[in-house]
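> Residue strings, one per chain:
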Amino acid sequence: MFAELGAFSVMLALVLAVLQTGFSFGGTKRQGLAGAGEGAAIGSFLATALSFGLLIHAFIVSDFSVANVANNSHTAKPLLYKIAGAWGSHEGSILLWCLALTGYGAAVAVFGKGLPHSLKSRVLGVQGALGVLFLAYTVFASSPFARLVDAPVEGASLNPLLQDPALAVHPPFLYAGYVGFSVVFSFALAGLMEGRIDAAWARWVRPWTLAAWTLLTVGITLGSFWAYYELGWGGWWFWDPVENASFMPWLAGAALLHSAMVTEKRGALGGWTVFLALLAFTFSMLGAFLVRSGVLTSVHAFAVDPRRGVLLLTIMTLAAGSGFGLFAWRAPNLAKGGVFAPISRESAMVLNNILLTAATATVLFGTLFPLISEAMGGTAGVGMPYFNITFVPLMALTALVLPFGPLLAWKRGDVLGALQRLWIAAVIAAVLAVAALALVQPRHALACIGLALGGWLILGALAELAERTRAFRAPGPEVLRRLTGLPRGAWGMTLAHMGLGVFALGATFETAWKLEAAEVLGQGRSLDFGAYHLTLDSVGGAEGPNYLAERGVMTVTRGGRVVCRGEPERRFYPTGGQTTSEVAICARGLDQIYLVLGERRADAKGEPVWLVRAYYNPWVQLIFLGPLLMALGGLMSLSDRRLRLAVGRRREVAA
Amino acid sequence: MRFWPKSRKARQRLTILLAVAPVLALAAGLTLFGLRDSISFFYTPAQAAEAHVPPGRAVQLGGLVEMGSVRKFPDGGVSFRVTDRKASAPVLYRGDLPDLFREGQGVVAEGSFNSQGQFIAKRVLAKHDERYMPRDVAKALKAQGEWRGDGAAPPAYSAPSSK
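Sequence order for the protein chains is P and Y.
Using UniProt numbering, you'd call the opening residue of the first sequence number 1 and step up by one each time.
Using UniProt numbering, you'd call the opening residue of the second sequence number 1 and step up by one each time.
No lab work stands behind these hints: they were computed from the structure.
Please read all numbers here as calculations on a predicted model, not as lab measurements.
Glycine residues also receive a C-beta, built at the ideal position from the N, C-alpha and C atoms.
There may be inaccurate statements among the hints.
To be verified - Below, computed lysine-lysine pairings styled on DSSO-like, alpha-carbon distance capped at 30 angstroms:
| id | chain 1 | residue 1 | chain 2 | residue 2 |
| --- | --- | --- | --- | --- |
| 1 | P | 605 | Y | 122 |
| 2 | P | 265 | Y | 6 |
| 3 | P | 411 | Y | 6 |
| 4 | P | 336 | Y | 9 |
| 5 | P | 336 | Y | 6 |
| 6 | Y | 86 | P | 514 |
| 7 | P | 605 | Y | 6 |
| 8 | P | 514 | Y | 122 |
| 9 | P | 29 | P | 336 |
| 10 | Y | 72 | Y | 86 |
As the list claims (entries may be wrong) - Now the stretches of chain Y that chain P is said to cover, found in silico as 3 or more residues with beta-carbon under 8 angstroms:
| id | region |
| --- | --- |
| 11 | 19-25 |
| 12 | 63-77 |
Could you build the full structure based on these sequences and the hints that come with them?
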């Protein structure tokens, strides 16, 4: 009964979304109709939330008469993974997407009080239209509530690799981020319809972009962290199509955050900001399509369904096509904004945007290259080396110019002045590189440049902070007063830029100087990696709620001192017949020792031996800490009172 | 400075263009360089034999793991044969095989042929979805009429089959 109610409430959500679209567009001039549109938006969200709750309920009570539950759940699964199973499948994840989509629509209806009436109606109208597309897809092609005629006694369980705490919460964050750009998309289209892309418009768009970008940052970091410790390959980013799919909207969103600031503060770059707003959500939809359709061979795509991929592609073409179509039609008529000198903060932001967009384009090209090549009759693909050689230099260039931006004035800046404030940071970064070149073995010149850039970013952000607070120049109490009086937006920027630097340091150090060793070991045997000595003490059996495991006990010593005792497992899930590796990780400061127990074999004498892999990942914690700092920066900026108060104030000015 | 336009608007546009052009050129240059560096072609064993892939060139070899061909050595090495049911090629690999590597399953090995015609794999891919058949493999097998309809099948709405 619950499943039918769930299916019904998705349909209800669809009907309400249709009404939302009609009422909102009809209500741009009439207050009452617009109010009905807002009500429909909230209702559509509530209906979707109800159906999503019922889906989770079906998973919790293991109702195997529902096909989706039977295919993705199992009674022996821990509760968290039963709940996570609700979004582990194609149908469930699309419903989650719809939940986020209608949720954002409802959020605009509730929190958008300060918006001009007609703009708000149009935003809700576009958001409703997007909701119609995806809810219709859910109802007609991907219902998560389809029943089975013969309910099986036991379910097929969720892919064991997905049974992990980080991955259980990864999709909600990721989708909240992906779909957050839908609001920005709706604002862009509404602005184009009104023919009004100005400072006030950018001010309304900024918080939504920030929220989506922050959530996406957290989502991607969680996914990367999961890949790092769950896949047991010791890597954290593989330039896999699925990863790129989430990375492209992130890059576009980062560019949008900066260009929206120029539009907000100076009224310039309006057309470009709209273009990026459309692009960000298009990349989100492209991501959903790539991940869910299986057109690209990915190592970690789950719940792939080629047939419905075509439908998703159609939805994407429809939404993005009408968006960019309207853009092409209306953009030439947009008011041109303020003029700025070649050396100014605007120019720095433009340069940031050029570099980020170029980097996004190289990622997009590399991701779609197998399709391009196939269309031309080839079967070539690109791998990690391609992305490293295209993306990394562009990002390095971005990092090089980044610290200048915040130190330049709007309209007309002073490079020499900025240099004066940055020279200490530059010197320290250079010293860092030279020291690394001299001290860290083996020598790695490129990595030293990467370290210098990381240091440059962090110190550059601090230099800007020092400039704002007049640190080292004004007396202590005044510095403190200025520090506490700093707007949260400024803190957010400093944190985000520092986060990028922290990430660069970690990524460079880990990639250049990680140690790894793999050897077949019997019990009591050992292997060496770098200065570390690993002994496989013993291997025993272990039993989990829904798996059997071999658990190795390993001791790592350095110079005779024990530095790590780890118990990696190799788990076998009888339900799906799958094996997974559970790595053991010991943190040592910023570094991690990473141990994997591989498969069991027999040596020449028939004794059991295990393939053991050990990694020493220096500074690897920074790789995950950096993005978290960025997300924290986003959160700080989002909590800035100026961002919220301004909405109301601007309205008076505009009205 | 005859080329430097008088109007501030035009000047701004020109500046932006001057900034865009080098970055675009750099991105395009890097892309072409990256492509030259890392294009790896995909062959099934029969196609590889036909094409006479030169030893040492980085390629992908895909097909099914031949039944009964997997041998694991105590030193951590593995040898197996990849087949497309028309021809097969020996593969040597050192390292941990993916969890889902099994005889009769689809795999893609990345590496190069040596002068003896053995494929020295640097990486062996088998996805962590049990229904996985690498797309290239499925396509090549289909083209050769060897498709068994397995692989990336859509989730069937029936009682889960025993695996």
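> Hint by hint, which ones does the structure fall short of?
Going through the list in order, the structure violates hints 6 and 7 and respects the others.
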